[in-house]
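Next come the chains, spelled out residue by residue.
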Amino acid sequence: MLEAWEFIVRRPELLAEWVLAHLWIIFVAVIIAVFLGAFLGIFITGKGREQIADTTLYLAEIVMTIPSLALFGLLMLLLGSIGLKSIGFLPAVIALIVYGQLPILRNTYTAIRAVDPAMVEAGRGMGMTERQILFKIELPLAVPVIMAGIRTSIVLLIGIATIAAFIGASGLGVPIFRGIRNARMDLILIGGISVSVLALLVDGLMSLVERRITPKGLKVGRQ
Amino acid sequence: MIKLEKVTKVYADGTRAVNGMNFEVEQGELCVFLGPSGCGKTTTMKMINRLIPITSGNIYIDGVDNTKINASELRRNIGYAIQEIGLFPHLTVGQNIETVPVLKGWSKSQRRERAEELLELVRMKPSEFIDKYPNELSGGQRQRVGVARALGADPPILLMDEPFGAIDPINRVELQSEFLKIQQKIKKTIIFVTHDIYEAIKMGDRIALMKDGKLVQYDTPADLLYQPKDEFVEGFVGADRALKGLQLLRVKEVMTGTYTTANIEEKAEVVRKRMEAEGIDLLPVVDNSGRFAGSVSISDIMSSSRAANVKDVMNQSEATSDVNAVLNEALSLMLSSGLKTLPIVGEDNRLAGILTFDAIQEALHEAVKAGGTK
Amino acid sequence: MRRWIVLVVLLIVLVGLTVWTTSAGDIGIFHAFTYGDIIVHSKDHLIMVFWAVLIAVLIGVPLGTLVTRPRFNRISPLVLGGASVGQSIPSLAIIAIMATLPFSLFFFDFGFNRETAIVALFIYGLLPIVRNSYASMNNINPALIESARGMGMTRWQIIRKIELPLAIPVIMTGIRVSTVVTVGTAELAVLVGGKGLGTITFTGVFAREVMLIIQGAAPTAFLAVGLGVILESIEKLITPRGLKIKAKNS
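Chains as they are written, first to last, in this note's numbering: chain A, 1 to 223; chain B, 1 to 374; chain C, 1 to 250.
Errors might be hidden in some of the hints.
As the list claims (entries may be wrong) - Derived DMTMM-like pairs (lysine to aspartate or glutamate); straight-line CA-CA distance at most 20 Å: (1) C:Lys-161 with B:Asp-131; (2) C:Lys-195 with C:Glu-115; (3) C:Lys-236 with A:Glu-61.
Claimed, not checked - Quick list of simulated restraints, FRET-style, between CB atoms: (4) C:Asp-37 with A:Lys-136: 37 to 47 Å; (5) C:Asn-138 with A:Arg-181: 57 to 67 Å; (6) C:Leu-66 with B:Ser-127: 54 to 64 Å; (7) B:Glu-24 with C:Asn-138: 34 to 44 Å; (8) A:Leu-59 with C:Val-19: 19 to 29 Å.
Hints listed in this document are in silico derivations from the structure and should not be mistaken for laboratory results.
Remember, predicted model here, so these are calculated numbers, not experimental data.
Here a beta-carbon is modelled for each residue, glycine too, at the ideal position from N, C-alpha and C.
Please model the complete structure; the sequences and the hints are all you need to start from.
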């Protein structure tokens, strides 16, 4: 433990570099995953798209069961074969986007589906267009659940991003990786504890955001 | 059979849900616990099978203090049916009914036989229903299975907490009547909780009316209606208690047995003369075996040819009432059909008598005057 | 029908990848692992997963059930929160940290060995099981329990005959999710001295050879998906028939 502390004191810029790299990669992936996931999720709730919805959700579920290293490996192969950089940032981000999909996609779909049809009917009766119903009724009501999906996704991605270090990406997986490789306990601890703290902090922060973003009327009922 | 002695229930926060109940339910009696919400009727019932522990006082079942027996064993000998029914969705109808027999260790064939017997009793064809799952049944069917399940191990006592409460009004009336028929056959000691006074009057041999945890009046339905003890009872029973009393009388007790009829083979003219002589304008018509065929009025005869038979002239109206029907049903029929004289039929559609408004009014008046059974 | 097609295709692709990489012979300065190696490592891999999930079930199901009882209701947020933390923290971090612990607990030592890996896998896989046990036992219709009590069932009989049968499908789902996740996480076990298919994968990682990475990762993915399918079938078999029928009037 002591050596770990010494290390941080001696070279704080390394820790900072790793934390920032970790956050950056997740940030990029999450932004894209949220847009992709939300759009797809909204898309498949449309009328007559039940078949597509079922298939999409099922595919996403299957992808989730594939271990992250497998996906990394595949991506590396694919990217390499089409001449792009096959290690580091690119495959990591792509894999993260793919994994980050499911919680957001599934939650968006479920949340919009779960909106009381009576409310949609009321909106329609008042003369709202389908678009207005989506934006004024369904989405606001779905937000809490979608937020929960985003939160699950981010926490998941923090974990997977750590493994990304093994394929050349930067981030808090690097000290762990190097520590294991060179039998340096201090590095392992720095990486391990930092990323754990990061995960818990982000999770806590997200739950606060979730609460802020929930429309007041919905909060009243919740215990 | 069930004796409550100073039974009291006080909750941890000080609420006195039940305050010193004293009464006794005879064997084979259907005792209704009636009262407004919060009067303690359900709590009292649940203290009989110790689902709710008694704070003070005693409940004796067949002379034995119910705290002296192991709770689970006590409950296996008392049938229990609740409003939500609570059929186990992962078990078939048959398995649900066999629940207590299984707990008691009956053999497979004994249990099966009993389940089929009980399904017959609640008028559900065993071969059709015994292997179905609760999710495949309608509300009314689930309720019947619930009753069958409560009777599973042939317990001497049945506790029922608003068992028909979750059923729609039409099916409820039917279930109530059917249950009364079942009780006639099995003659169990039954505690029946309800907040519906109509149900209480219809179902109960005796009614225990409760308020704020205390017993206010414990009497037969007639006594409760015609001799209410205080303002509360009067108010609860309702100002239309005479009308409610109609439920307690049967058509056969009130109808007129001797009356004139016309035979379908008779000549219409002949009948008209008879009617004019006796001053009646409406006659029931029967066939040669005494079966009810319709009714004939003087105006019917007047507007037809001279040579017609009663058969050709009569009105084949459907409005009749059964001898065993309750008086309020018959009265309702008379009012809606406009008949001042209602033909009453018995077995095989034979004419058994006629019912008039006068007869009803007289009978009711007598009942109120007599003040029930006291 | 469609689901099965997708799954089968996926499994075939994974097998194909394994075969392709194994028959590559020499890869750079390394030699591809043999089928025998893959089988041995798969066996080790599954053993680790088996132990981790077994302990998670033995501890998680009773724990999740226990906190549904009124007496223990107060500590339920603690228990659920605790298990949830176990999953928020990246799996790699858990494994890595546990490996550095210099002391022993009960009858085994932490450090770089297989036991550490199993404990880490257990911690990571606990949440789905605890959460599903809790949720399913908690959501049983109270009318059913009241009926059962009123009919004279003892505490144990109610749990055995009513609550467990009704909760099992959801609990089984939790076990399935946990198992599939654990297969993936177990790939990291090699880093702390455990065995399993990670041996192959990480040889590729350290050697920077994609083919080797895939040679390890593809079989792992195959195991994950395959176990998922098997457990899902068990899940369907285990669900009482009465529950599968949609309610006629809800």
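Numbers of the earlier hints that this structure fails to satisfy, in rising order | 4, 5, 6
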